[in-house]
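As they're listed, the protein sequences go chains A and B.
Letter by letter, the first sequence follows residues 861 to 1404 of the working numbering.
Letter by letter, the second sequence follows residues 508 to 922 of the working numbering.
Think of the hints as simulated: they come from the structure by calculation, not from any bench.
Please note that a few of the clues may not be correct.
Capping the alpha-carbon separation at 27 Å, the derived lysine-lysine pairs in BS3-like fashion look like this [claimed, not checked]:
1) B:Lys742 <-> B:Lys717
2) A:Lys1012 <-> A:Lys1038
3) B:Lys747 <-> B:Lys715
4) B:Lys715 <-> B:Lys527
5) A:Lys1004 <-> B:Lys747
6) A:Lys1012 <-> B:Lys803
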Amino acid sequence: MSYTRHTSTFRFELLPSSPESTTGFGPRLGKTCLERYGEDGVLEIVTPGFITSTSRGVVPHLSRDNTDATDAIRWAHVPFETFLEHTPPVPTLQSGSHPLHKFLGFRPNQHILTMTLRDPSDDREMPANGHSFVSAYSLRGVRKVSPGDWRKYVLACDPDIAIALSDTPFTTVAHSQKRTTKSLERSAAWLADLLQAVPSPGSEGPTPRLNVFVHMAGGVIAAARHAFSVSLLEPLYEREAETIKPFTHLDEGVSGYTFDLIPLYDGLSPSSRFNPPTPSALSTVEETVEETAAALDPPHSSSPTAQLVPLLHASLVPLPKTKPRIVHSAGSPHVMLALIRDVGIDLFDAHWAQRAADIGIALDFVFPAPPGAPDAPKALGNNLYDARHAHDFSPFADSFRTCADADARPVCPCIACSPSRHAAPLRMSALDEPLSEHAPTPFTRAYVHHLLHTHEMSAHALLTAHNLSVLDAFFACVRRVLADRPADFAGEVERFCVVYDGTMAVWEEAKATWAEVALARGKGRLAREKERQEKDALGTAVEL
Amino acid sequence: MQFEVLAKCHTTRARVCRMKLAHGVTMLPTFMPVATQAAIKGLTPQQMEGLGVSLILNNTYHLNLRPGIKVLQEAGGAHKFQGWNHNLLTDSGGFQLVSLSKFTKITEEGALFASPFDGEPTMLTPEESMSIQHAIGADIIMQLDDVVSSLTVGPRVGEAMQRSVRWLDRCIAYHQNSGRQDKQNLFAIIQGGLDPDLRAQCLDEMVKRKDGVAGYAIGGLSGGEEKDVFWRIIKQCAEKLPEDRPRYSMGIGFAEDLLVCVALGVDMADCVFPTRTARFGVALTFKGPLNLRLGKHSREFIPIDDNCPCPTCSDGVSRALLHHTVTRETSAAHAVTLHNLTFQAQVMGRARDAIMNGTFPTYLREFFSNYFGDTGYPEWCVNALRSVGVDLLEHNTDAKVVEGDGAKWEYSDAS
Ligand SMILES: [Zn+2]
Ligand SMILES: [Zn+2]
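In isolation and in its complexed conformation, chain A is listed as follows (with noise of 0.2 Å):
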């Protein structure tokens, strides 16, 4: 059967296990089903779990065969503004099936990719939005995207799931009131304009739509953002109707939701250039949000995360709770972890572990906590750039073993722990050999921290496919724990806050590292790349 556009079907299902809460917002258990039409199997990926970040589209460091043997990544989130630097965007010129699988290397029938304008982890100063369009970032300046573009750029590309605009502001001047309905209006209008039904080709086979996420707009005011939700449920009329038919509202067209935290935590901190004005009229529909579990969060993120969590109910309460709920930019698996028993989050993209092999860091935690109560909290991984691991041949991680090893400790997966030989090498003349047969070698902190120490990019490709495997075991224990004793969850989130620096020390550490044998090369990086390092962007901590 021929390919066709836009006929993938996307589907969530919350898995009857899930723990009921009082509050209406627990930990839940699901399932995301991705069915290409005309294509076999379904994939499949179970929630809570993750979704890998990109940058410039690719995973950053890993070759397109390292990818392939990464099996933590099956959904990557692919930001498309970098596409911006040409016009038309290149990936909207690729032909043949799955367009924009093909131009990044992603295989269809292994992995979903979502396409979203801007990288939600970029929150660097932005011209304002306009009326009917979203300034965008490319390194040949700022683009402006309207929805009309977005839309042409979504169908030429085919994701398996577009984010519609949104109206996030990232710029210094304080919001109004007025700002903020205006932002509702047209991220509201954004989504609409991406809902209008897909051309069909007329053939036989189900009829084309694209599966559509919206962000939950609204910023640091939970009456506004309330209402923005309110607004995805109301019947529209007239041309709007005409707009989205076949659907009555938009949030029936809508296929899951969207939570970008770096804008809400900017908007949090009180040193923040985006000072949201008080609430007025419509702070009473914050009476009707649960205040939640403040009092389990890790130290470090206490009050910014317990904030967070009735700025996301503000916005769940009135919509269906049959919708995935993605998170970007959860900054530790203590955030992750409040987040889903406080919200019932079901996907978080990668970017803090993938951020975490930048600068050396090898993941090493498990969930639940390992038992016993240790003196001072667990760091979460090991800063390899640390003169202790100059002539420390162990593996990456003391949490997991390696292929080498047989003892009851989980394994990791990944070409660092587990590194497996290439099952087909090249023979470049009819004389030569077969090489000879070895089993391959975990790599060790000692052979990494010299990498680190001489910058050699090796490094990052071996941290980055090890973070993402510690994160997906990660992330199967949490479902675990909910399957199997749901009652002991919350439990052991305050176990894990207690037993693992939830403070991220060693983020700290690592990063001074980083910086300390940067300086010692006497190699800065371009300004600009300065820029996004200080702003922990993805792959940039590396020099090529």
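Start from chain A and add chain B with the ligands according to the hints.
Showing chain B with the ligands alone in chain A's frame:
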């Protein structure tokens, strides 16, 4: 080492050999990718294995600084440290010492230099170089030689050559006493600058010491000398070196240089060029290099080379995507590095097959016609190959010939 010549070209001096070392067999002629600091830039040993590479190079000077000999010893040698279970070659550390150290003073005892750690005067003697290379544990190790730039003239060149011979004796003595000859193979390095008389003297002396060495390198070139002088020195050395020892041309990596050297009788070569140029976005192809940074590739939805078996091309990674990611994403460097190393390996692999099948002269003509057909043949290549009986211009009388060094990749794609 087991070394066997399997076939010789009926026209040129090229030959195919089988070299068995402690970590397996490497077929020659071959190109050795350089893992200066115990990693091929951005790749894993498994990826190198996937390319069919069986012999790589580590730099002694760098490994001695980091991670240091103690760490390597604790790891059980450089093979184990970097997870590379195939053949490995280390240089003596002398070349980098001279090119990278703040001051280096050569005395009869050894090379005196400022320690990069504390600036203290430190001596690298031939014995010390052997000892470090023993700790690293490579399958092929190099004598410490007295390196002078190929542009040096005057008595210093002869002095360096003679000292290299004396240092070879010290390396042989130290290596023989170590009892490691069954695992590690010492290569001598022919010096003598660009002076054929000095080269001849060096060859005489070092060939006399054949029983103490497993192979010979041709040193002191690749430093900016004229190509026309370069190939004559290579030819002179390759002709004089014993038949039953591998011949290694140090620091050679451009495809045309490799093929000329092979035709003159060279078996092995190494260079950082293919991996370095990959990081700058240059992909090597049989039709000449492609600079992927150029805008003209931004909408090309074809691989670097449709016929290339490398992981990048066989997976269909487009030039357009590489254009979007080169010099910005490390994974683009990895993709082009995988390709460029495959290109080098193919150039040499096809040479092996052609020599074996008696078609090496044809292979040379076809390669040069594809690679330089548009821009012109470097005159020195034409001359060098004529000297061993292959006329690149045969049946091709209107071919363009370019004087000078003709390093095509520098000006390729300058559109
Ligand atoms: Zn691992
Ligand atoms: Zn290729």
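Cross-check of the supplied hints:
no.: 1; hint: B:Lys742 <-> B:Lys717; result: holds, 19 Å
no.: 2; hint: A:Lys1012 <-> A:Lys1038; result: violated, 30 Å
no.: 3; hint: B:Lys747 <-> B:Lys715; result: holds, 11 Å
no.: 4; hint: B:Lys715 <-> B:Lys527; result: holds, 24 Å
no.: 5; hint: A:Lys1004 <-> B:Lys747; result: violated, 69 Å
no.: 6; hint: A:Lys1012 <-> B:Lys803; result: holds, 24 Å
The structure fails to meet hints 2, 5 from the earlier list, while all remaining hints are met.
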